[in-house]
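Protein chains: 2
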Amino acid sequence: MKTGVLVGIDLGGTNVRVGAVNLQGDVLAWAEAPIEASRGPQVGLARIGALIEQVLGTVGMVMPLAIGMGATGPIDRQRGSIQNPYTLPTWEDVPVVQLLQERFGVPVALENDADAAALGEAWVGAGRDHERVLMVTVGTGIGTAFVYRGEIYRGIEGAHPEAGHIVVDPRGPLCYCGAHGCWESLASGPAIARRAQSLARDTSTLMVELAQGNLEAIDARVVVAAAQAGDVLAQQIIEETAFYLGLGMVNLMIAYLPDVVILGGGVMRAYPVFAPYIHQVIQQHSVVAPLQSVRLVMARLGGQAGVVGAAYAASKLIVEG
Amino acid sequence: MKTGVLVGIDLGGTNVRVGAVNLQGDVLAWAEAPIEASRGPQVGLARIGALIEQVLGTVGMVMPLAIGMGATGPIDRQRGSIQNPYTLPTWEDVPVVQLLQERFGVPVALENDADAAALGEAWVGAGRDHERVLMVTVGTGIGTAFVYRGEIYRGIEGAHPEAGHIVVDPRGPLCYCGAHGCWESLASGPAIARRAQSLARDTSTLMVELAQGNLEAIDARVVVAAAQAGDVLAQQIIEETAFYLGLGMVNLMIAYLPDVVILGGGVMRAYPVFAPYIHQVIQQHSVVAPLQSVRLVMARLGGQAGVVGAAYAASKLIVEG
Chain Y
8 MKTGVLVGID
18 LGGTNVRVGA
28 VNLQGDVLAW
38 AEAPIEASRG
48 PQVGLARIGA
58 LIEQVLGTVG
68 MVMPLAIGMG
78 ATGPIDRQRG
88 SIQNPYTLPT
98 WEDVPVVQLL
108 QERFGVPVAL
118 ENDADAAALG
128 EAWVGAGRDH
138 ERVLMVTVGT
148 GIGTAFVYRG
158 EIYRGIEGAH
168 PEAGHIVVDP
178 RGPLCYCGAH
188 GCWESLASGP
198 AIARRAQSLA
208 RDTSTLMVEL
218 AQGNLEAIDA
228 RVVVAAAQAG
238 DVLAQQIIEE
248 TAFYLGLGMV
258 NLMIAYLPDV
268 VILGGGVMRA
278 YPVFAPYIHQ
288 VIQQHSVVAP
298 LQSVRLVMAR
308 LGGQAGVVGA
318 AYAASKLIVE
328 G
Chain C
8 MKTGVLVGID
18 LGGTNVRVGA
28 VNLQGDVLAW
38 AEAPIEASRG
48 PQVGLARIGA
58 LIEQVLGTVG
68 MVMPLAIGMG
78 ATGPIDRQRG
88 SIQNPYTLPT
98 WEDVPVVQLL
108 QERFGVPVAL
118 ENDADAAALG
128 EAWVGAGRDH
138 ERVLMVTVGT
148 GIGTAFVYRG
158 EIYRGIEGAH
168 PEAGHIVVDP
178 RGPLCYCGAH
188 GCWESLASGP
198 AIARRAQSLA
208 RDTSTLMVEL
218 AQGNLEAIDA
228 RVVVAAAQAG
238 DVLAQQIIEE
248 TAFYLGLGMV
258 NLMIAYLPDV
268 VILGGGVMRA
278 YPVFAPYIHQ
288 VIQQHSVVAP
298 LQSVRLVMAR
308 LGGQAGVVGA
318 AYAASKLIVE
328 G
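Keeping their order, the protein sequence lines are chains Y and C.
Numbering of the first sequence is given in our numbering, commencing with residue 8 and proceeding in unit increments.
Numbering of the second sequence is given in our numbering, commencing with residue 8 and proceeding in unit increments.
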C-alpha cells in the first residue's frame, strides 16, 4: 500500500484552508489564512503554496502524493482553472491546476467546494461506506451533490445536478433563475426570512422582539429561536418551510434512492426543529418507494469536509502501484 | 469475440414475446403467443420453453449463450422469481430464473418489463451510445427508468426509481399512493381523461361528440384528436397537461442531467401535440442547468424493446472469454 500524504485545499471567498491528509482520510496537519482575493491570484497562490509547505513540514514530508483543491464558485474542471470574479475578485481564468502542478510536481485535482465537501463526507464522514450519498446543503441557497460509488455524479456536459432548482410548487415565488417555485426559493434561509418578514408585519410575534423591532433583521436564525421559545407564528413558518424542505427531499430521494442523505448548511444546524415535519412528508411519500429506509443524518466533518474531500479527489489521481 | 445468440423474453399480462438476438442487438428470430396466465405457471413456462426452442431453431442453434426475461409487475430479482398475481393471475412466487436455467443450462437474467425496455432502447435504440439515458413512459401511469453506463440505476434496497411519484404540484389531486400532486396524477392518460371529463360537463366541445355523447368515454386519445381538430377546450387541456409533463421532466432532468430522454407509452404517441409546451417549460428552467442540451426523442424499438433489453441483460451474464 502507498504511504505518504495528500494535500487538500479548501479555497473559500474569505479564507483558504489546507490540510495534510493521509490515505485513510485523517487530517494530520492543518493551516489556514485569509485569501485576500482582491490582492490578486499571484498573492493568493503564493500564500496557498506557503500553507502547503507548512502542513507538509508539520508531518515531515517534502512532497505530497497529490494535491486536491475545492474552490468556491465557477470553475472550469476541464481546463483546471478558477473562473470566479464573483466571490474571488480578480480570480478570473486562473489555471490553478497547472500552476500547482508546476510548483509541486505532483498531480492536482480541482472540484467546486460543494462537491469537495460531499466527497469528504462520503469518504470518511456521515456517508462513509455507502454507495449512494446525497448531500443537501441548506443555507443562503440549497446546494446538492450526489456521490455515487465514490465519485461525484456528473451529467450532460460534465455538469453536476443543481437540485436547488427542482420545482416543488409551480405556484411558488419567482426564483432568481427565472422559474417559479424552485426548491431553494421556498426552503432556503432567505425564503424563511422573507416568509417571516411578510407575516410579522401584521401579527404580534416574538420574532420582532428578537430582531429588536427591525423587521428586516428577521432571518432564519430569529425564526428558529422564536419557534423554540414557543412563538406560534414562528412555528407555523418552520412547519411550512419544513413541508417544502420535505417535498424537495422526497423528489430527490425518489430520483436517487440514496442510502443516506447528509444535511449541511446553516439552516440545517436547526434540523431538529424541522425534523418532525420533514419526516411526516417523507412518510406520506413512502408508499411506492422505500424512502423510509433512507437515513437522514447531519454532516459530520464540519469545516474540514472540503479539505478532506479535496484530498480524496487528489487520491484518485495517484497511479496505483 | 463470442458468437451465438441470446434469447430475450418479454412476458406481458396477455402475450409473451421471445426473440433470438445477436450480440449486436439485432433480432434474428421472433415468436409470440398468448400467455394465458390463469392456466398456471406450468402451462405458461412450457409455452415459453417451446417459443425459445422455436426461435433457436429458426436461427439453427441448439443452445443460447444466455437467456433474459423482462416480466410485467412485481418481481424478486434477488430470488429470480415472479411475484405477480395482479396481472399474471396464479403467478405468485414462480422461480423462473431457476426453472429456465435448469431447462436450458445457461445463465438467466430477470428484470421488470419497464427496465428491460429501457435497456433495449439504451443498447440499440434511441439511447444508443449515450452514457445517461432516462426513459419516461406515459400511459396509464408514468414509469421511468434510468440507464447509467449501460446498467439500470438502482438505489437503496435494490429499488429502482419510480419517478411517476415525484411531486410536481403539492396542491394537485390525490394520487392512489396517498400523496398529493404526484407527476402521474397530473400528467398520465387517466389524468388527462379526468381533466377533460370534468371540463366537458359544462362546455360545448368536440370531445363530447367524439365520445358519442358519453362523457366517460372521453380519454386521452379523444382529447388529442379534438385538440388536433382545433377544439379550444381540448387544446387547453393539452397545454395544462404538457405543463405538468414538462415540470416532471424538468425535475428529473435536473436530477439526472441525462444525455437523452426517451419518450414512450400511449400518451407519448401524441408527443408532437404536447412538445411546444413541454419545450417552453424546459426552457424556463434551463438557466442554471444545461437542460436545453438534453435531447428528447421518441422510443425507437416499439414492441421489440423489451425482448432486446432482456437479451442485453442476458448478455451481461456471459463470462467473457
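These aren't lab readings, by the way, just hints derived from the structure by calculation.
For glycine and all other residues, C-beta sits at the position ideal for the given N, C-alpha and C.
Any given hint could be a false lead.
Rough simulated footprint, nothing fancy, chain C against chain Y, three-plus residues with beta-carbon under 8 Å [as the list claims (entries may be wrong)]: (1) 154 to 166; (2) 237 to 248; (3) 251 to 259; (4) 264 to 275; (5) 282 to 294; (6) 297 to 303.
Below, a list of computed lysine to any residue pairs in the SDA-like style, where the Cα atoms sit at most 25 Å apart [to be verified]: (7) 323(C) x 157(Y); (8) 323(Y) x 96(Y); (9) 323(Y) x 156(C).
Results for each hint:
no. : hint            : result
1   : 154 to 166      : holds (count 5)
2   : 237 to 248      : violated (count 0)
3   : 251 to 259      : holds (count 4)
4   : 264 to 275      : holds (count 3)
5   : 282 to 294      : holds (count 3)
6   : 297 to 303      : holds (count 3)
7   : 323(C) x 157(Y) : holds, 23 Å
8   : 323(Y) x 96(Y)  : violated, 30 Å
9   : 323(Y) x 156(C) : holds, 20 Å
Of the numbered hints listed earlier, those contradicted by the structure are 2 and 8.
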